[in-house]
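> Given next are the chains, with one letter for each unit.
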Amino acid sequence: MTQNISATDKFSWNRVMVLARYYYPNLRTQLIIYPLVSLLSGIILYFTTKSIAWGFLSGALSLALSIMLYLGPIVFARKQTRPIETLIPARSSEKATFILGYSLVFIPIMVYLPQFLMFTLMYHLFPISSDFAELIKTSFEFNKGFYGLSYVQGLVPTITCLFVVYAKRNNRLVMACVWAMVAMIAQTIVSGILGAIIAIRQFHNIANPSESPEAFTTDFMYHLMPYLVTFFIICAVYVIIMAVFTVRNICKKQV
Amino acid sequence: MINLNHLNYCYRSGVNVLHDITAEIEPGIHLLMGENGAGKTTLLHIMAGLRYPRTATECTIDDVSTSLRLPSVLSKVFLLTDDMVFPYPTIAEMERYHAPFYPNFDAALLAENLSEFGINPRDSINNFSLGTRKKAYLAYALALRTDILLLDEPANGLDIDSKTVLLRMLSRNITDNQTVIISTHTIWDFQNLFDGVLVLSQGRLVLAEKVWTIVKSLAFVNSLEPISNALYLTQNMGRFQAIVPNDGTLDTAIDYVLLYTALHSPQQSIITQTVKNAR
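From first to last, the protein sequence lines are chains X and D.
In this text, residue positions in the first sequence follow the working numbering: the first is 145, and each later residue adds one.
In this text, residue positions in the second sequence follow the working numbering: the first is 15, and each later residue adds one.
Simulated from the structure, these hints should not be mistaken for laboratory data.
Do not rely on the hints blindly, as some may be mistaken.
What the hints assert, rightly or not - Footprint (simulated), chain D over chain X, 3 or more residues, beta carbon under 8 Å:
| id | segment |
| --- | --- |
| 1 | 226-240 |
| 2 | 301-313 |
Said to hold, decoys possible - Pairwise CB distance ranges (calculated):
| id | chain 1 | residue 1 | chain 2 | residue 2 | range |
| --- | --- | --- | --- | --- | --- |
| 3 | X | 388 | D | 28 | 26 to 36 Å |
| 4 | X | 168 | D | 251 | 50 to 60 Å |
| 5 | X | 168 | D | 122 | 42 to 52 Å |
Computed from a prediction, not measured in an experiment: that's the story for all the values here.
All C-beta atoms, glycine included, are put in the ideal place defined by N, C-alpha and C.
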């Protein structure tokens, strides 16, 4: 039974939900595969703590997860369905809310949350050696301050991919993949330059590794923070600008 | 009602497609004619909000600009073009995921239309022939029951039986407050269906009239003998075809092909002036 929604001109979350339903059949495969791959990588990540032989596979899966995140928005690059999508009686802002929300919030959650949950579950169910446990704890402590940066950094190729999907008329799939990779390479170059600057200017300031791990981490973070904040701001500004352009394309693009 | 108010449209490449089009399109079934490249599809796109002119007032539906793409306007319009592709593999999925956006969608009418065309809503559209796919799309478009339905070459690819079914469907299902604009080159498929005629020539709207105004002012005559007092005269396979002024005594059916040819000839202004005088 079809339940029709009202055609009010005000922004409606109900209509955003109906839009989610509209897109669902095209997203279904992604909604199944992404969490499954993420869960699998969580299991493999756990096994790397048992044997170093799993390390290579873990690296490959980590790369696969990143690629999944970067190219996630290509699900919106369906061939020739743009006119019917534009004709849907929903506000452009509602369409943009769903598309951006799905690409920039939901996809990262699908890619990384199952991995984290699975790893945590395995970690608690099958305890690992105390040395590895200590290493993981230190690693978590160290990475705690970088989660925001990692998230925004991961969005740079993703938003580039989404922008191209809605900006291009032809070859959207190929061009979106190409430009997402270009964004990733550009980002690597920028972070490499920043890394080189850090190495040249700050290496001698960073504490002596013979100090306690806590003191080393604190000192390391203290000297690194300005550079990380700079990189975070560059990425965040880029993501915001591209998001604005993407919204403009969703709302105003002539078909 | 669709209002076109000095509508101009220019592609990004700089090509001016539509020039100063002004018309009020009332409910009814309208024929949109024009040569290739006249701007028919662009005009339909503008009415549907897929393209928009420089100023918002140039195309409005019930006084709201189509370029704003507001739900209240979009829910009243559906455009079906020749190259349109539905996002789902079956009509049943269209009904489930797409139709909820349209408040007047009629599921019973969809089932009836599909059964008349002999189509199962659960069959994959990808396995359909071009004609069957077109029929499925048309059945769905009609069932949306939008106030304005824009059809670009709806009879393209349909066999003779299907054209007859489509004609029957259109005449049976279109209500008095619906506006249907059919852009087609195969006019004879829908010969007796139209309430109004829109004729584009090189991006200009040369005629936008109700059919009864046209037949009240013009008569379409076909004879073996040359016809005197013709506004437009042509000879085809030995017969003379002419458009003559109608003083109210002649009761002839409108010959769309002849009208189209006349409106693309130097006699265009005489024909349009005669129709205008009869308003």
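> Using the beta carbons of residue 168/X and residue 251/D, state whether their distance is inside 50 to 60 Å or not.
58 Å, holds
> May I ask you to test the hint 42 to 52 Å on the CB atoms belonging to residue 168/X and residue 122/D?
Given about 25 Å between the Cβ atoms, the range is violated.
> Please check whether the segment 301-313 of chain X has three or more residues whose CB lies within less than 8 Å of a CB on chain D.
violated (count 0)
> Count the residues of the segment 226-240 of chain X whose CB lies closer than 8 Å to any CB of chain D, then report whether that count reaches three.
That given contact holds, which follows from 10 residues of the segment 226-240 of chain X lying within Cβ reach (below 8 Å) of chain D.
> The hint says 26 to 36 Å between residue 388/X and residue 28/D; measuring C-beta to C-beta, is that right?
27 Å, holds
Figure legend: structure checked against the earlier numbered hints; hints not met, in rising order: 2, 5.
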